Amino acid sequence: MLQPEVRCVEFVDEVTVWMEGGLTDDQRLLLEEHLSICPHCTRYLDQLRATLALLHDADKGLSESPSPSARDELMAVFRETRRD
Amino acid sequence: MSASYLDELGDDDAIVARLRDGDDKAFAALIDRYHATMLRLARGYVATKEAAEDVVQETWLGVIRGIDGFESRASLKTWIFRILVNRATTRGERESRTRPFSSLAAEVDEPTVDPNRFIDSGRWQGFWSVPPTRHVIPEQHVLASEASDRVLRAVDALPPNQQVVITLRDIQGLSAADVCDLLSISEANQRVLLHRARSKVRAVLEVYLDDRAVKS
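Order-wise, the sequence lines are chains A and B. Residue 567 is where the first sequence starts when you use the working numbering, and the numbers rise one by one after that. Residue 642 is where the second sequence starts when you use the working numbering, and the numbers rise one by one after that.
Since the hints were derived computationally from the structure, they do not count as laboratory data. It is possible that some hints are incorrect.
[Stated by the list, open to error] Just a few of them, taken from the derived set where beta-carbon distance is under 10 Å, the chain B residues facing chain A: (1) Tyr646; (2) Trp769; (3) Pro800; (4) Arg810.
As the structure is a prediction and not an experimental result, all values here were calculated from the model. The C-beta atom is built at its ideal place from N, Cα and C for all residues, glycine as well.
Generate coordinates for the entire structure from the input sequences, incorporating the hints supplied.
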């Protein structure tokens, strides 16, 4: 088997820069070539993308709220300030 | 009060207009939408939950006072987060804590993935010996929310600077440029922090998926 130029350990190191569009064209092509022949790194990337999908708005459902007194203070200041 | 009122109002301009008009339902909805996120961000800068709550309270007061001056060059939430980061930095300095982004240059290199998972010698050095497993994300809603909860806890366990960056980028969806600007860090530093944070959270998800596969 022909050895790819980019090793898996390099792929996982560079994957964020690649996703951020920070590689040169040459680097990008080498990384994408590796990806096209390496099922393990493809799976790694799948998991990374799944992680990002899970993270997106993950804190939206959190119900932490100011304490009742803190909220009352904010609402009172809001009403007072906006009335002027 | 429901944060979905904000969705009803529509874009930032509409929300800001309601706030300026003194619509307290809009303000309450804004608190519901961002309070938890702001508390988590503030924790990156100050020592205790109480101090973080103070920082967030001050931020909301700053929002009330500053909303007339808001210009839609930035998004509303980026503007709110900027007030938060400023207050949190001031508070952190008063507590004489190390600022989360001051020690970046001195940080040691961390491996992206456990080095033991790669072949360590010979022709195939640096290729996977223990590759990621095949499992994908559960589609059922309950399991997806369990996985989501797991990655959120993984974010909580990160060092503060990584936690702040991944929260702003991947949870809140801010651009790299906005995050660099907000935190006064270089693009390269932002990328390093994001990379480390994502790598660790992915590893936690992998363990979770493997465990689940064993159980089922």
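Hint-by-hint comparison with the structure:
no., hint, verdict
1, Tyr646, "violated, 14 Å"
2, Trp769, "holds, 4 Å"
3, Pro800, "violated, 17 Å"
4, Arg810, "holds, 9 Å"
Of the hints listed earlier, those the structure fails to meet are numbers 1 and 3, in rising order.
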